[in-house]
Structure formats: C-alpha cells, structure tokens
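**Q** Sequence:
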Amino acid sequence: MKVLREPLFHFVVAGVVLFSAYAWLDGSRPVADGVEPVRIGKGEIQWLKETYSSQWLRPPGANELQGLVTNLVEEELLAREAQAMGLGDDDTIIRRRLAQKLKFLVEDTSRLAEPTDAELRRYFEANAARFEDSPRVSFSQIYFNPENRKDAAEDAGLVLAELNADAGADAAELGDRFLLEAEMTRADRQAIANVFGDDFADALLTVETGKWSGPLKSGYGTHLVFVSAKETARKPAFEAVRDKVVAEWRRESEQKVSADYLARLRQKYGVEFDDSVRAMLEPQPAAKVAAQ
Numbered sequence: 001m002k003v004l005r006e007p008l009f010h011f012v013v014a015g016v017v018l019f020s021a022y023a024w025l026d027g028s029r030p031v032a033d034g035v036e037p038v039r040i041g042k043g044e045i046q047w048l049k050e051t052y053s054s055q056w057l058r059p060p061g062a063n064e065l066q067g068l069v070t071n072l073v074e075e076e077l078l079a080r081e082a083q084a085m086g087l088g089d090d091d092t093i094i095r096r097r098l099a100q101k102l103k104f105l106v107e108d109t110s111r112l113a114e115p116t117d118a119e120l121r122r123y124f125e126a127n128a129a130r131f132e133d134s135p136r137v138s139f140s141q142i143y144f145n146p147e148n149r150k151d152a153a154e155d156a157g158l159v160l161a162e163l164n165a166d167a168g169a170d171a172a173e174l175g176d177r178f179l180l181e182a183e184m185t186r187a188d189r190q191a192i193a194n195v196f197g198d199d200f201a202d203a204l205l206t207v208e209t210g211k212w213s214g215p216l217k218s219g220y221g222t223h224l225v226f227v228s229a230k231e232t233a234r235k236p237a238f239e240a241v242r243d244k245v246v247a248e249w250r251r252e253s254e255q256k257v258s259a260d261y262l263a264r265l266r267q268k269y270g271v272e273f274d275d276s277v278r279a280m281l282e283p284q285p286a287a288k289v290a291a292q
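Heads up, the sequence shown is in UniProt numbering, so the first residue is 1 and it goes up one at a time.
Check the hints yourself; a few may be wrong.
As the list claims (entries may be wrong) - In silico DSS-like cross-links for lysine-lysine, where the CA-CA straight-line distance does not exceed 27 Å:
#, residue 1, residue 2
1, Lys-230, Lys-211
2, Lys-217, Lys-235
3, Lys-256, Lys-103
4, Lys-101, Lys-256
5, Lys-244, Lys-211
6, Lys-230, Lys-244
7, Lys-268, Lys-103
8, Lys-217, Lys-150
Simulated from the structure, these hints should not be mistaken for laboratory data.
In this text, all values refer to a predicted model and were calculated from it rather than measured experimentally.
With the sequences and hints as input, model every part of the structure.
**A** Written out as structure tokens, the structure is:
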C-alpha cells in the first residue's frame, strides 16, 4: 500500500484522468466505427428556415441561422447519447412526446393530397347538416331565484298567468335580479347554452314565439321566457363555406389516416390484457342498456 502514498503515482493517475476527459470533450477525434455521424444538409437548413419563419414571420439572419444550426447539432448529439444511455426507456414524458411526434407525422401525410373541388362538393352534400346555419332565437327572460323563494317554480307559474292575462304588464318589474343577460338577440343554441346551460337551450328552441312561456330551468334557477323571433337552420351555398368544408375534410382525413395506422400497429405488435384489466374495459350493464 506504500505505492498509494507516492507522489509519482498520484501524478500518473491525474494524467490519465485529464487525458480521458480531454479525449471525451474533444469533438475533433475520429468518429467511432459503426456510429452514424450527425449530418446537416440542405433539407435540415430548409426546415430550420421554415420553422423560424413560421414563428417569427421573417426568415432568419445569417447569425440567427448559425445559432439554429448549432442548437440542432447539440440537440441531436445529446438526444443520441441519452438514447444510448437508456435515459428515456422508462420516462413517461419522453414516451408520450415520441408518440405525439409520430402521430403528428402520420397525420401530416394526409395533408400531402389536396382535395379536388368535386371531392369537396361531394363531402359538403354528404355532410350538409354540419355546415347549416344554426337556428337562432331572440328572447327575453324573467328570473326567479330559488334562494330567495320557497317555491320558485310556483311563483313563476303565478307570474306567467298574470302576464298572459294582462298584456300590458311590465315584465321588467317582475321576478328577481339577474346578473347576466336579461335578453339575447339572434343567439344560436351554443351561445344560449354557454349562459343558461344545455337543457335550457334545448327547451327554448321548442318555445312558441310571441307569448310568455315556461317555466324553464337553468343552472341558476327558474325562468319565464318570451321568444320574439326565430330563424330556422339554413343550408348555405357551397362557396360561402368552402374554407370550412376544406378544414373539416382535412380533419376527418387526418383522423382516418391515424386510425388506419394505429390498426396496423395493433396488428403488428399485438395488444394483450390481463383478465383483471379486460374486465375493467368491458361495458358495464348500465352502459350496455344505454347503448341499445
């Protein structure tokens, strides 16, 4: 053990450590056999330029492009070494990002083929309901706050009878204070649902025009409503919604391409579930009844 205390031994060990560190940090050393070098060509440069331009709405300058290339090289080197070290094998975030990236690449393939005008028109006719102008309703309402009343629905019924008996009654003086819209003009179903809820919106679309009706329930309480005007759904001209048709066609195409690709992956790799997991995935009795 005497040799461990010798200065010469310490000098040699330090030299070996320094040499190893230099060799590891020296990027000019020859590439190891069988290792594919990082290659940056015209395709990568074009991708960097397009990515930068889409974000900043201008092409990168010379110095900016150099910085982008440096970052790309560093990212590729670090990513390769991390993969070689197995750092991402059990990392949920990395697995999710890789899956998302592949999904985006698969969906991008569907964008390579642009639909013809004839295809778009056929798609428009086959899915006409998607592009119809939504029904619109103009209405006013009287609110009955359940927190201030013993029976808001009963009170609403009494006020409704009063309004129908006296057309000159001042509706603004009836009911309780409502902090949101007392009336809406040419509102579609979604706009109404955003304020009053889905059930209220669906019920309102069935109410007759020109008379007070109700009571209708919302998440806030009870309402009487007066529908002054209704506009039924209308099928627009193809030219008026062409951009929307293109967007829907692309979205559906991407979904189909993605679903087909996943089906092939399932066939390629197979998917197996333990019995306990399979039982969890089976529809419950209530769900089966609802589906029938």
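**Q** Does each hint hold? Answer for all of them.
**A** Verification of the supplied hints:
For the suggested pair Lys-230 and Lys-211, the alpha carbons sit about 13 Å apart, so the restraint of at most 27 Å is met. Straight-line distance between C-alpha atoms of Lys-217 and Lys-235 comes to about 31 Å, which puts the hinted pair past the 27 Å bound. A distance of roughly 12 Å separates the Cα atoms of Lys-256 and Lys-103; the hinted pair therefore holds under the 27 Å criterion. With a C-alpha separation of about 17 Å, the suggested pairing of Lys-101 with Lys-256 holds against the 27 Å cut-off.
With a C-alpha separation of about 37 Å, the suggested pair Lys-244 and Lys-211 falls outside the 27 Å cut-off, and the hint is violated. Note on Lys-230 and Lys-244: the hinted pairing holds, with a Cα-Cα distance of about 25 Å set against a maximum of 27 Å. Of the supplied pair hints, the one linking Lys-268 and Lys-103 holds, its CA atoms being roughly 17 Å apart against a limit of 27 Å. Our distance criterion of 27 Å between C-alpha atoms is met by Lys-217 and Lys-150, whose separation comes to about 16 Å.
Of the numbered hints stated above, those contradicted by the structure are hints 2, 5, listed in ascending order.
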